[in-house]
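Engineer: Guided by the hints, dock chains D and Y onto chain W, whose structure is given.
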Amino acid sequence: MNALLTEPFLVSLLYGAVTAGVPLLLAGLGEQMSEKAGVLNVGIEGMMLFGAYAGFVAAWYAGSFWLGFLAGAIGGAAVAFIVLLLCIRRGLNQIVVGIAVTMGFQGLTSLLHFVQFSRTYPRLAAAPVLALPGLSRIPILGKGLFDHSPLVYLSVLLVIALTWVYRATYLGLSLEAAGNKPSALDAAGVDVIRTRSFAVLCTGFLAGLGGAYMAIVGAGLFVPFMTGGAGFIGIVLAMLARGRPVWVLVGAALFGVSLAMTTALQVAGLNVPTDVVQMLPFAAVMVVLVLFARHSMLPPALGLPYVRGER
Amino acid sequence: MVDASLRQVTKRFPGIVALDDVSLTFRGGEIHVLLGENGAGKSTLMGLLAGMLKPDAGVIAIDGEPVTIDSPRRSMDLGIGAVFQQLLLVPSLTVIENLMLGGPWWQPLKRAAALRRFGELATVLATRIDPDAPVTALSLGEQQQVEIMRALWREEKMLLLDEPTSMLTPQGVEDLGRMLRRLRDKGVALILITHKLLEAYEFGDRISVLRQGRLAGEIDPQRMQSLSESERTAEVLRLMFGAGAHADARTNDAAPAPLGAPAPAEASTPLEAPTPLGPPTPLEAPAPLGAPAPLEAPDLAALTGRKAHRARPVDRRQPPMLRASALATAGDVGEASLREVSFDLWPGEVLGIAGVDGNGQKHLAEVLAGQRAAARGRISLAGRDITRGRVPDRRRLGIRYVTDERLGEGTVATFSVAINLVLKEIGTLPYWRHGLTDWNLIQESAREKIRAHDIRTPSERTPVGKLSGGNIQKVLLARELGAEARVAILNKPTYGLDLQNQRLALERIDAAAKRGVALMVISTDLDELLEISDRIGVMYQGRLAGIVDNGLSTGADAERKVAALMTGAAAA
Amino acid sequence: MTQLRVAGRTRIADGPAAAVLRVLIPVVLALVVGGMVLWALGKNPLDYYGYVIERGLMRRSGLQETFTRMAPLLLIAAGLIVAFRAGIWNLGGDGQFLLAAVISAALAPVLIGVLPRAATLVLCMAAGALVGALWSLLPAMLKARYGVNEIVTTLMMSFLGVSLSNVLIKLAFFDPDTTVPQTRSLPVDERLPRLFGTTVHGGVLIAVVVLVLVHLLMTRTAFGLKLQVLGANRAAAIHAGERVGRLTVLAFVLSAGLIGLAGAVEVLGVWGTVRADWNPAYGLLVVPLVFLARLNGYAVIGFTLFFSALMVGGESAAHRVGVPQNYVLVLVSLLLIFLALVEYLDQSRRKRQAA
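Protein chains in written order, with the numbering used here: chain W, 1 to 311; chain D, 1001 to 1572; chain Y, 2001 to 2355.
None of these hints come from the bench; they were simulated from the model.
Certain hints may be false.
[Claimed, not checked] Here are some chain Y residues the structure puts well away from chain W; computed CB gaps all over 10 Å:
no.: 1; residue: K2043
no.: 2; residue: D2177
no.: 3; residue: G2302
[What the hints assert, rightly or not] Heads up, incomplete: computed chain Y residues facing chain W, CB under 7 Å, no partners named:
no.: 4; residue: M2036
no.: 5; residue: W2039
no.: 6; residue: L2041
no.: 7; residue: V2152
no.: 8; residue: N2166
no.: 9; residue: V2167
no.: 10; residue: V2287
no.: 11; residue: P2288
no.: 12; residue: S2333
Where is the CB? At the ideal position from N, CA and C, for every residue including glycine.
Pulled out of the complex, with its shape left as it was, chain W reads as follows (with noise of 0.2 Å):
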């Protein structure tokens, strides 16, 4: 057991607690934000892969990280927009498109990575990172929180973001409106099209931000059906943070030090098989529905596409 409290071994949980966390961090924010406003996205899985696709490519061919992560981002926000079209505008269901568009998109990604690189899977070299002054220093911690990619800064300084948007501005009202009673906000003259058109673009722009850093930063490649998942997980997260983004946040976290685990614990040395500490945060989730189950913790009007004048 002394092993595990080596500091390669803690260093390692750590570091890789943030590099898997921040896809689910991004796509559990982005989701959060759809769920607000009534919109049920499951298509976000699709979006991720995407991101992870356009992002890649973008870092790839132009060299820039940076432009990889905005490439990502707007990947996937053009995946959202199809999820807008059919779903806000024309009142799909959510579900359906959202699945067939994640289908979509692993079908298509596969295609285009296969039309492009054929089977070979060539790698970007490490994206840079920002040690933190000062921060950077702390044993261990600092090694293992503060020597990463900017964009897992932003993520987390994006939690403070949404989380002041949510409570202190005229765009959180109208997010919980849309999700809570449509024609509230349609009657105060706030279109509840237009605002949830706005929320599922922001949750595919975060998702896809999710997705290129999957793919620049935590793995340096694409794969096909690389995200694994971790849209799902995102749509969980969300969920069970209802409106709050600390929460995903958390969640995020437990996640990330799972999936994180197994390989730590290869670098100290134990044989623990991957798959039982890959059950811990699901089983763990699991446990608190049971234990704190209580009625449903979702908006009213969510899922449910709104047309002015009825109801």
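Structural biologist: Below, chains D and Y without anything else, positioned relative to chain W:
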């Protein structure tokens, strides 16, 4: 002062012309009542001004300038504030947050400024509401005041109210009247939409009457003052129903006579969806009144709000059919649950339940139907304890429940009329044998009920959601008031129906009572209850505050007592 | 474009011809748009489609493989129909499928030593169904008792189930004689019997029968109607006095049980064993098919045939035409979107006509 006018405005909907060449002017410093029955075009007019609908022809002008109101936002920018029939507040937000809704989205909330404005309006309206209270903690009347504040939030210029009194106690109505008059004196143009004649007199400086989408006429403030009340009544009735109508209106003292008259066949309603199933079959013989008045006398009586009532001989010496003793329910936060409700219900009588919405009526209906568990207390049917019986058990014993949420829970909108007619009997004989469905029998019996109850539907396979509100209610009544019914609980049986169907529903209730069914009718419309009930119980904060006798000799006295009970005054 | 015109001009009433048209238009549109994607990427769409059809449907071996592929998909579809009709989003199919597969794979080689083949197969299928059903019990209870959203819980139980399957294979049921961790293999001639001298196993027959039974259950019985009422309007089900909690749990258990049966059939019919980290991820894949078929059991058979042929043909085409097999997913997704759009346009056109 503001001056808003409609010039030759026309608005069509599929199958009907909702507004036909209507010209009207609304002025600041005046309470302008728009009067008309359901479907006369009042709400359409409101929708046009509030930016929810666009006119097909004609112009809306504000202060002489033609304007296009293509969105609620635009309507607000023009200084028009609207308070709709349903409350439009976000339940998860506080009062002040609800009021701040709709500000420029990229900006942080300007709470201090909002609180200042809140204070101003609270002074104008003379209300005392905590701006930081969650809206779910407010009474319906208070929530409506918040809605009024929101409508006036930008500027105190023009205020539209659609049937604002329907959810208020008599006291609340009085407060609202005071509030409206204060606003009028400040120069606000107020437009009050209602179908209740008495309210029109009470509030209106000017009354415009809409009839089948047309402006039937207007009584300006000078004439309002020069006419006596009976002259005004006659004038308005003439406008609403055409010449000759006022003569019948006088008959309202001759107790049951006009009300015993059969309801006119529904086919004469132009607003019903044109979905005939074969030739229209009148329920009963055509009206015997010789005069071909557009509507029959009972409807006029209903509109004046002074109705005679249907009395039935009830033998209360025999044991009651239904007895509730000290019933209580457990409720979620924000729900009014029952506390210590006891009453008896005899065969052949109608027990009206009055009260402001949300005082436990829903729980009362549900606990009697078996849809909600009783936390304490006892229910017995003809002496037999049924407290623990579930809906199907009680249904088998003859307890029926017509819910007020016709599409919400009463029917499955996407399913056929036929399925909805047997919705509460799934799995039972004769329609199901060993769990297998006999579709032929279900459809056959549906066709029969459609005929018997004059349900206007293209076929028994039509999704029930495509029917008009009146016909959906007929489906529910056909399902619940069958031959086996012994006790029927009806929640707001006429709510949202047009006049013809309101009459029809009341006829059905009366007929069931005469057959010996014990009925409970829950309604927020006191006039209706005074008409139909033998006794009227009043719900207040989950308790049955009292039961008032509404027998033949009581009359206006009963109304006064019920009104007192509704506000929580001491039991009668 | 011509197809769109057809939709606009023809009065699509509620007849079988209309139903076929409503499906045909999206299929053609999806193939056309999908082809345009291929063409834009420098591939010849006609080559691809031709090859897919030839490999998936025309050749005997391909056709056999297509039919074999249908078995698990049909059973999962049957399970999803039950859930979706009852308004329950069972998105946890992967976990239910895999766990059932692992348990029946572990059980079969043991049982075959003591029991006759038929008994072994039946018991293993029952075990699979039971395991699938058990794995849905927690989401079912949480939904029935507290109204906890089943999308979250089934997704999580799915992730859990997939991991647990791997743990079981690696730690409990591994075959010591193989290098890759996998369960002990059921000998080929002890698996589900082949049909009529083909390579297609009897599981396909079971799947079709089960699907038809589910369809009849939903359309001809009181239980089916109750589930449909629950799915269409939960409040109405409560109002009508149905035991909503019990119905919810039953729908869950039936749905997951059928998906579990799919896992067992796939193992007993095709593989005879489960390797670690094997996850065909059929659970989510079938969701669109079920919606394409509008929850109609018979239509599901058609769509599953179409999809299986695409999958089988697409796998061969990957090498030959240079289009990865996952491209099939693009077609299904386009199909789904076009189907939804056509339905939407049809509905709004009808609304206008009613006006």
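Engineer: Run every hint past the structure and note whether it holds.
Structural biologist: Results of checking the hints against the structure:
A Cβ of chain W approaches the Cβ of K2043 of chain Y within 10 Å, the least distance being about 8 Å, so the stated non-interface status is violated. Here D2177 of chain Y stays apart from chain W, with its beta-carbon at least about 20 Å from theirs, past the 10 Å limit. Non-interface status of G2302 of chain Y relative to chain W is upheld: no Cβ of that chain comes within 10 Å, the nearest being about 18 Å off. At its closest, the beta carbon of M2036 of chain Y sits 13 Å from a beta carbon of chain W; the interface hint therefore is violated under the 7 Å criterion.
Because the smallest distance between the Cβ of W2039 of chain Y and any Cβ of chain W comes to about 12 Å, over 7 Å, the interface hint for this residue is violated. At a threshold of 7 Å, the smallest CB-CB gap from L2041 of chain Y to chain W is about 5 Å, leaving the interface hint in force. Taking 7 Å as the C-beta cut-off, the interface hint given for V2152 of chain Y holds, the closest approach to chain W being about 5 Å. Using the Cβ-Cβ criterion of 7 Å, the hint placing N2166 of chain Y at the interface with chain W is satisfied: the shortest such distance is roughly 4 Å.
The interface hint given for V2167 of chain Y is met, as the beta carbon of that residue sits about 5 Å from the closest beta carbon of chain W, less than 7 Å. Interface restraint check for V2287 of chain Y: the shortest CB-CB distance to chain W comes to about 5 Å, inside 7 Å, so the restraint holds. The closest approach between the C-beta of P2288 of chain Y and any C-beta of chain W is roughly 6 Å, which is under the 7 Å cut-off, so the hint is satisfied. For S2333 of chain Y, the shortest C-beta to C-beta distance to chain W is roughly 3 Å, which falls under 7 Å, so the interface hint holds.
Of the numbered hints stated above, those contradicted by the structure are hints 1, 4 and 5, listed in ascending order.
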